[in-house]
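> Got chain A sorted already, so can you dock chain B onto it with the hints?
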Amino acid sequence: MRRSLFHRIFYFYYDGFRSMTVGKKLWVIILIKLFIMFVILKLFFFPDILKKNFSSDKERGDYVLDQLSKD
Amino acid sequence: MFENFDLSLVNWSRGQFALTAIYHWIFVPLTLGITFILAIMETIYVRTGNEEWKKITKFWLTVFGINFAIGVATGIILEFEFGTNWSNYSWFVGDIFGAPLAIEGIMAFFLESTFIAVMFFGWNKVSKKFHLVSTWLVAFGANLSALWILVANAWMQSPVGMQFNPDLARNEMVNFWDVFLSPVAVNKFIHTITSGFVLASLFVIGVSAWFILKKRELVLAKKSILVASIFGLLSGLMLVYSGDGSVRLIARIQPVKFAALEGLYKGREGAGLIALGIMTSGKEDSTGRKVYPVPLKLEIPNLLSYMAAGSWNAFIPGINDLIDGNPEKELLSVREKIKRGQYARETLARMKESRDRGDSLTYRQLKDKFYDADFKENYFSYFGYGFLNDPNSLIPNVPLTFYSFHLMVVLGFYFLLLFIVFLLLVWKDKLDNKKLLLWLAVFTIPLAYVASEAGWIVAEVGRQPWVVQDLLPTVAAVSHINASSVQITFLLFAAIFTGLLIAEISIMIKQIRIGPKEGGK
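Residue numbers (the working numbering), protein chains in the order written: chain A, 1 to 71; chain B, 1 to 521.
Calculated from the structure, these hints are not laboratory results.
A quick note: this is a predicted structure, and the numbers were derived from the prediction, not measured.
All residues carry an ideal CB built from backbone N, CA and C; glycine is no exception.
Warning: the hint list may mix true and false statements.
To be verified - Taking lysine-lysine pairs in the DSSO-like style, the calculated list, with each CA pair at most 27 Å apart, reads: (1) B:517 with B:54; (2) B:517 with B:125; (3) B:369 with A:58; (4) A:70 with B:376; (5) A:24 with B:369; (6) B:369 with B:215; (7) A:70 with B:369; (8) B:55 with A:24; (9) A:24 with B:125.
As the list claims (entries may be wrong) - Chain B is faced by these chain A residues, among others (derived, beta-carbon under 7 Å): (10) 16; (11) 29; (12) 30; (13) 39; (14) 45; (15) 46; (16) 49; (17) 50; (18) 52; (19) 67.
Chain A extracted, bound-state conformation (with noise of 0.2 Å):
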């Protein structure tokens, strides 16, 4: 019987993902990575600043306008 072509995708990255080697290590490396740079620095450490303090791109627009123009 002919797989459906969903079906031998998944087999594609399946069988690829279980018979990797050096791989292995380098998934948890990105995993740790990804986590470290996604959940800790961006939500702890590295807000938007314009997008958190204000609710439109008027008031962010608003806000730039006299950063670039007061003395």
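Chain B alone, transformed into the frame defined by chain A:
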């Protein structure tokens, strides 16, 4: 205006950005180049059917995989910093930055990441030709990723194709093609990717040389050197050609950076190019300007004039001419530019005031100025100068720019020579006993990274004090946050990136020592 900014915050923010960019760039160039080397090797395998080439391809594929895995997403941190540390800048650049980065995310990243899976998992599962196409697509995808970032960076060096919207205090793209095909963008893209090609070629040659020294994997090593030396030589020639183009553009668009590259303070006709030189420590002149003379130098007469202007006797302005002005050569002084920039800023402030108090007639008149060609050319184009008080603040770090530039150029020509020597020797099969040369190739690997980073230092340090040339200085681009929070994240990044670098080097060395036997996954 400087006194309104916390210089400690500015410096820490700059330091943090420099740290992350430098670390990020350790991972990028190898990916840019080695993907094409892989594609060439696999093409030879598919065309000849020789299994040795498959083994070679799979070995370098593993090396690429390690570098890609460790380096992937390190550039995202730069985007975090834009939003937190550089919010004024992020807003000011508007969709000029947003559009290229969005295209990168959608187009190149997905192209790259989809076909990488086929590259690693697809051996014996998809046809040889489909696998080969995937490898080429990854190579093009990786380089397309770089394209969009470099277009954005080129716009910062030479802002074109936009209109400043004074209501929102941001730039809006009016012509995508002016931004995408600006001479700076085209040249920067070619120069940067070819520098990656050269670095990757040197990496492949260096590792292969190590195998020959250890008398291991001789076939793999020699075939790899053959491919890498040809690819490196062709890329190196293109690198020199695009570097020459860069110099001409810098001379026209960023003349202070150009003068700093050569430590040229006093402009002259028929200026010579300093091929090698040593700067003495800076001495203040009567205006308080720090001057760094180059008493010991190897200078090629008239070459700088020719490189910059295409004429052996052309006048090349020095830093003094550019800062103090030179009426004879129709060069405005920085003081005059500051006045014009201040007028542009005052116009913006008055426009906002009139809008806030409901004076719609004055508001309309002042707003229209920002769309008027004469105002744009004579005042808004100096907008960033309006933030500065001291003309000498327009001078970048001259010794760092000078030495980085010369180091990059000297190493670039050394790399070309190395490619030629290795190509000749591998062609004649006379490499095995050239121990000194083989060790030289091994130790050239770090030099390739030094040259590559030096290129970015020239580009970015040399254009200080600007984040957007002539429009936005660094001091006005930072967010008003605590310097201590930037210090904490600086240290965090230093720790994370150092950890990643150690992981990369140790895993890479381990895999190279294992050799091609377990290549591929």
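> Of all the hints given earlier, name the ones this structure violates by number, lowest first.
5, 6, 13 and 18
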